[in-house]
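Quick note, the sequences are listed as chains X and U, same order.
Quick note on the working numbering: the first sequence kicks off at 2 and runs consecutively.
Quick note on the working numbering: the second sequence kicks off at 2 and runs consecutively.
Rather than coming from a laboratory, the hints here were simulated on the basis of the structure.
Glycine residues also receive a C-beta, built at the ideal position from the N, C-alpha and C atoms.
Each hint should be verified, as a subset may be incorrect.
[Claimed, not checked] From the structure, some residues in chain X lie toward chain U, with a derived Cβ separation under 8 Å: (1) H41; (2) G44; (3) G92; (4) T99; (5) L102.
[Said to hold, decoys possible] Label-pair ranges, simulated between beta-carbon atoms: (6) U/S85 with X/I64: 23 to 33 Å; (7) U/F11 with X/Q46: 33 to 43 Å; (8) U/T115 with X/N58: 20 to 30 Å; (9) U/S70 with X/Q111: 39 to 49 Å; (10) U/P9 with X/P8: 29 to 39 Å; (11) U/T115 with X/S29: 25 to 35 Å; (12) X/L52 with U/I55: 48 to 58 Å; (13) U/P40 with X/T80: 42 to 52 Å; (14) X/I64 with U/L96: 18 to 28 Å; (15) U/N2 with X/Q106: 23 to 33 Å; (16) X/P77 with U/R78: 18 to 28 Å.
Given next are the chains, with one letter for each unit.
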Amino acid sequence: DAKTTQPPSMDCAEGRAANLPCNHSTISGNEYVYWYRQIHSQGPQYIIHGLKNNETNEMASLIITEDRKSSTLILPHATLRDTAVYYCIVGLHGSGNTGKLIFGQGTTLQVKP
Amino acid sequence: NAGVTQTPKFRILKIGQSMTLQCTQDMNHNYMYWYRQDPGMGLKLIYYSVGAGITDKGEVPNGYNVSRSTTEDFPLRLELAAPSQTSVYFCASSLGDLGAYEQYFGPGTRLTVT
């Protein structure tokens, strides 16, 4: 599985967009990018995933560069409740995969009032 | 749906004791996982199961055992507890197959071994 690199921490003002970057330069053609977050002391929460097209759901948007070597998770209007550790994970997607998540250190996002 | 439930929430063990961490999901998910998280670190996979009767090792299986006799339950057994097993343990489940990486996590069990 490809490894990912994320900044250890970021700040964001409440109500502003939070843009969390992730580098995954060794990603292979059939690996997807997954994002999870972990609010203090809770279990991780799945946010979104994508292969090469931009994706959006009710929680966030995912922008993947054309060469697929990096991506950005966007929280369009960050709130204090979005303060959490955000994990970018790559993994094979398809029939028969076991879904073994490899967590790195993640990015600690602090949303400030 | 309750989702993924874990018991107990907290536990203190003495070195050499044994215990079972319970995990139950009511979403009819085929795949289940056990992760541990040490302070300030990301989660590491201990064991996983792709269906009843099928289990396999993850990154850090030593000192643990699992079984999967039903779709709903995936208990984690610690034999001869050691201080290195002090951690927060998370259970997760997913539909599996194309949805394997979209996992639902339980609230965790905080274990201290002294």
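Taking the hints in turn, this is what the structure says about them:
This hint is violated: X/H41 has a C-beta 11 Å from the nearest C-beta of chain U, more than the 8 Å allowed. Restraint check, X/G44 versus chain U: the minimum CB separation of about 3 Å is within 8 Å; hint holds. Proximity of X/G92 to chain U holds as hinted, the smallest CB-CB distance being about 5 Å (cut-off 8 Å). Hint on X/T99 holds. Least Cβ distance to chain U is approximately 6 Å, under the 8 Å limit.
Hint status for X/L102: holds, given a least beta-carbon distance of 7 Å to chain U, under 8 Å. A C-beta distance of roughly 40 Å is found between U/S85 and X/I64, which places it outside the suggested range of 23 to 33 Å. Separated by about 22 Å at the C-beta atoms, U/F11 and X/Q46 break the suggested range of 33 to 43 Å. The hinted window of 20 to 30 Å between U/T115 and X/N58 is violated, with their beta carbons roughly 43 Å apart.
Taking 39 to 49 Å as the suggested C-beta distance range, the pair U/S70 and X/Q111 conforms, at roughly 44 Å. Under the hint 29 to 39 Å, the C-beta atoms of U/P9 and X/P8, about 36 Å apart, fit the expected range. Between U/T115 and X/S29 the beta carbon distance is about 44 Å. The supplied range of 25 to 35 Å is therefore violated. Our hint of 48 to 58 Å for X/L52 and U/I55 is violated, since their Cβ atoms are close to 28 Å apart.
The hinted window of 42 to 52 Å between U/P40 and X/T80 is violated, with their beta carbons roughly 27 Å apart. Checked against the hint of 18 to 28 Å, the pair X/I64 and U/L96 passes, with Cβ atoms roughly 26 Å apart. The given range of 23 to 33 Å is respected by U/N2 and X/Q106, whose C-beta atoms sit roughly 32 Å from each other. With their beta carbons about 44 Å apart, X/P77 and U/R78 fall outside the hinted range of 18 to 28 Å.
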